[in-house]
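*Asks:* Sequence:
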Amino acid sequence: MTSKITPDHNRFKKIVKGKIKDDMQKYVSNEEFIGKKGNDKIRIKIPRIDIPRFKYGWVGGVGSGDGEPGDPLNSDKRGNEPGSIQGNYDFDTEITVDEMTDLLAEILGLPFLEPKGKRKLTHKKDTLRNVGPVGNRKHFKRSYKEALKRELSTGNYDPNNPVVVPYEKDFRYKTPKIWPQEEFDAAIILMRDGSSSIDEEQRKIITTTNDWLERIIRRIHPKVDVRYLIHAVTAEETDKHTFDYVSEGGGTKISSVFELCLEVMKEYKECNIYPFYYSDGDNYPDDYKKTFQLLETLIPNSNLFCYGEIYSGFFLGKNKGLLHFINRYFYIKKGEAQEMYKKTRLAKIKKKEDIIPTLETFLNKNKVPFYNIG
Numbered sequence: 001m002t003s004k005i006t007p008d009h010n011r012f013k014k015i016v017k018g019k020i021k022d023d024m025q026k027y028v029s030n031e032e033f034i035g036k037k038g039n040d041k042i043r044i045k046i047p048r049i050d051i052p053r054f055k056y057g058w059v060g061g062v063g064s065g066d067g068e069p070g071d072p073l074n075s076d077k078r079g080n081e082p083g084s085i086q087g088n089y090d091f092d093t094e095i096t097v098d099e100m101t102d103l104l105a106e107i108l109g110l111p112f113l114e115p116k117g118k119r120k121l122t123h124k125k126d127t128l129r130n131v132g133p134v135g136n137r138k139h140f141k142r143s144y145k146e147a148l149k150r151e152l153s154t155g156n157y158d159p160n161n162p163v164v165v166p167y168e169k170d171f172r173y174k175t176p177k178i179w180p181q182e183e184f185d186a187a188i189i190l191m192r193d194g195s196s197s198i199d200e201e202q203r204k205i206i207t208t209t210n211d212w213l214e215r216i217i218r219r220i221h222p223k224v225d226v227r228y229l230i231h232a233v234t235a236e237e238t239d240k241h242t243f244d245y246v247s248e249g250g251g252t253k254i255s256s257v258f259e260l261c262l263e264v265m266k267e268y269k270e271c272n273i274y275p276f277y278y279s280d281g282d283n284y285p286d287d288y289k290k291t292f293q294l295l296e297t298l299i300p301n302s303n304l305f306c307y308g309e310i311y312s313g314f315f316l317g318k319n320k321g322l323l324h325f326i327n328r329y330f331y332i333k334k335g336e337a338q339e340m341y342k343k344t345r346l347a348k349i350k351k352k353e354d355i356i357p358t359l360e361t362f363l364n365k366n367k368v369p370f371y372n373i374g
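Note that this note's numbering has the sequence shown beginning at 1, numbered continuously upward.
Bear in mind the hints are in silico, worked out from the structure with no lab data behind them.
A couple of the hints might just be wrong.
To be verified - Straight line, CA to CA, 35 Å or less: simulated DSBU-like cross-link-like pairs of lysine-lysine:
hint	residue 1	residue 2
1	Lys-290	Lys-342
2	Lys-289	Lys-266
3	Lys-289	Lys-352
4	Lys-266	Lys-141
5	Lys-343	Lys-37
6	Lys-26	Lys-37
7	Lys-320	Lys-266
8	Lys-320	Lys-240
9	Lys-240	Lys-149
10	Lys-223	Lys-26
To be verified - Label pairs and their computed distance ranges (CB to CB):
hint	residue 1	residue 2	range
11	Pro-133	Leu-262	47 to 55 Å
12	Glu-201	Gln-293	49 to 57 Å
13	Gln-25	Lys-266	32 to 40 Å
14	Arg-11	Val-233	56 to 64 Å
15	Gly-250	Lys-41	38 to 46 Å
16	Glu-31	Glu-236	25 to 33 Å
Since the structure is predicted, the reported quantities are computational estimates derived from the model, not experimental observations.
Ideal placement from N, C-alpha and C gives every residue a C-beta, glycine not left out.
With the hints as extra help, turn the sequences into a complete structure.
*Replies:* See the structure below:
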């Protein structure tokens, strides 16, 4: 039987979620969510919720007589001494990462994700677990057992002289057994400029944005493989921790990471592929031609390609960045690049308050497309 308090409890939970949605920007950029998944609970503060109720009391008069129109009435004033009346306060509540992701998805609207269908990729792992009569690596224990069985069956085995010499037909070999390791229906390829012009605060913004992107995409594709590519002049694949925290010196060639991305994409031909790239817009001038040639291959073979240009006082303001040149490049080629328009989204990221607008630009198909960004 439903408790009488259940409707009130559900209404209270709805009010709490409304409070969280009203201040989502603050919660999304909360570093407590970095690296958390699924049912992990995070404690957050939300504004006090006042339950509606009648209040009775006497306000008081003007101080003498009945008063005249316009005379101020007595009102509560803040005193100089400690008081005993409780004031407004925030209170703590717990919310799971999945619940917060659902609330964020409601704010963002329908994601700009168009799956290619129910495509799945099974990674296969080879292990030398089988034994057979042919192969390259001898299994000495099994070979000896086969030779011993032959000697015993033919009556040639001498317990006083237990020498067993294997014949060619006795040899057994280790053979590979292929078995499914993991099954994916989508791949997220995260890329970023690893040069020192991207500082710690900017890396945190990138990490936070990527974590929410991954959570939202997992609502569409539960089986997701995430790859991490970082570059300066050359590109390399790395793990999440290195991707999130490490920076290196040297110049910048964006084409190097797009080239590596295309190599990684070959492993996911039957998957939904979502590449995301972040940089401060800086690039070696002679590298732009190759960069755009690679994009013309990369974008059509992706479900969605997103680029977030991180504001850097070190670079932006002195020159125009990659976002400007992508905008210009595809504008010139507008007649022959309609499909790339649909799959490409660009965002400018200056501060952590830009995380939600960036997620909207990347995932909400009703947001302003990249070629209209100033």
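*Asks:* All hints are to be evaluated individually against the structure, with a verdict given for each.
*Replies:* Right, here's what the structure says about each hint:
1. Lys-290 <-> Lys-342: holds, 22 Å
2. Lys-289 <-> Lys-266: holds, 23 Å
3. Lys-289 <-> Lys-352: holds, 32 Å
4. Lys-266 <-> Lys-141: This hinted pair is violated, its Cα atoms lying about 41 Å apart.
5. Lys-343 <-> Lys-37: Cα-Cα ~28 Å, so holds.
6. Lys-26 <-> Lys-37: Given pair Lys-26, Lys-37 holds - Cα atoms ~19 Å apart, limit 35 Å.
7. Lys-320 <-> Lys-266: holds, 32 Å
8. Lys-320 <-> Lys-240: Satisfied, since the Cα-Cα distance of roughly 30 Å is no more than 35 Å.
9. Lys-240 <-> Lys-149: Not OK: Lys-240 and Lys-149 at ~53 Å, beyond 35 Å, violated.
10. Lys-223 <-> Lys-26: holds, 29 Å
11. Pro-133 <-> Leu-262: 47 to 55 Å: violated, 42 Å
12. Glu-201 <-> Gln-293: 49 to 57 Å: violated, 33 Å
13. Gln-25 <-> Lys-266: 32 to 40 Å: Roughly 39 Å apart at Cβ, these two residues keep to the hinted range, so it holds.
14. Arg-11 <-> Val-233: 56 to 64 Å: Holds, at about 58 Å.
15. Gly-250 <-> Lys-41: 38 to 46 Å: Holds: the Cβ-Cβ distance is about 42 Å, inside 38 to 46 Å.
16. Glu-31 <-> Glu-236: 25 to 33 Å: holds, 27 Å
Of the numbered hints stated above, those contradicted by the structure are hints 4, 9, 11, 12, listed in ascending order.
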